[in-house]
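Let's have the full structure, built from the sequences with the hints guiding it.
Taken in order, these protein sequences are the chains called X and Z. With the working numbering, the residue at position 68 of the first sequence is 68, and numbering never jumps. To get the working numbering, take the position in the second sequence, counting from 1, and add 112.
None of these hints come from the bench; they were simulated from the model. Ideal Cβ placement from N, Cα and C applies to all residues, glycine included. Among these hints, one or two may not hold up.
[Said to hold, decoys possible] So the derived label-pair ranges between C-beta atoms look like this:
1. X:R19 with Z:S185: 41 to 49 Å
2. Z:K130 with X:G58: 43 to 51 Å
3. X:N21 with Z:S183: 37 to 45 Å
[Claimed, not checked] From the structure, some residues in chain X lie toward chain Z, with a derived Cβ separation under 7 Å:
4. A42
5. P43
6. F45
7. G97
8. K99
9. F102
10. T104
11. G105
[Claimed, not checked] Under the rule of at most 30 Å between Cα atoms (straight-line distance), these lysine-lysine pairs were calculated in the DSBU-like manner:
12. Z:K151 with X:K9
13. Z:K156 with X:K55
14. Z:K125 with Z:K115
Each chain is listed here by its residues.
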Amino acid sequence: GQGVEQPAKLMSVEGTFARVNCTYSTSGFNGLSWYQQREGQAPVFLSYVVLDGLKDSGHFSTFLSRSNGYSYLLLTELQIKDSASYLCAVREAGNMGYKLTFGTGTSLLVDP
Amino acid sequence: NSKVIQTPRYLVKGQGQKAKMRCIPEKGHPVVFWYQQNKNNEFKFLINFQNQEVLQQIDMTEKRFSAECPSNSPCSLEIQSSEAGDSALYLCASSLRDRGGNTEVFFGKGTRLTVV
Chain X
1 GQGVEQPAKL MSVEGTFARV NCTYSTSGFN GLSWYQQREG QAPVFLSYVV
51 LDGLKDSGHF STFLSRSNGY SYLLLTELQI KDSASYLCAV REAGNMGYKL
101 TFGTGTSLLV DP
Chain Z
113 NSKVIQTPRY LVKGQGQKAK MRCIPEKGHP VVFWYQQNKN NEFKFLINFQ
163 NQEVLQQIDM TEKRFSAECP SNSPCSLEIQ SSEAGDSALY LCASSLRDRG
213 GNTEVFFGKG TRLTVV
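Below you can see the structure in the form of structure tokens.
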């Protein structure tokens, strides 16, 4: 069926890295976005990818493989404050504009 | 930083009562989305607008919810008769008109509805 899947939880250590995976199955694929959401706050846009490959944006990098329906968000040089939920959202385009279909988010915990 | 403003931040209603929430999209953004985020972090798309026109909406929205984005007034989402299952965080988002490029979608802080 169609949907966006992410692991529920991920743990890593300060100063290292974390890779948040996302797999999707959808029609009308028009790009994939990553958001960070802290408890009780709005999702904050991090990155948008529509072409295959790795997009390096410094602290956050994103990878996309459209043929495999797969993306990941890579966080490097982790800090404690990177602990948050990371949401993968697939943009589906249709005849009447587009909408975002979200995964349920990956809760990242960065330990000291 | 997002400039999408949602009010109220918190809303408590009894079952069967109307629940209304408002959203001011970022200035110059003609596209507005409403999403429902439940306690399991599941996002459910409800409806989207371009200017005052509804582009897409799900069946639930069509039947129990009413939404509008009048010109020169805040957008609104109203639940006609609240049910316990409507308790959730309601997120409004806005963006520029999609031209196939990197159209960032900005979210407001949401209205947390509790139906008791």
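Practice task
Could you tell me which of the hints above the structure violates, numbers in ascending order?
Solution key: Per hint list: zero violations.
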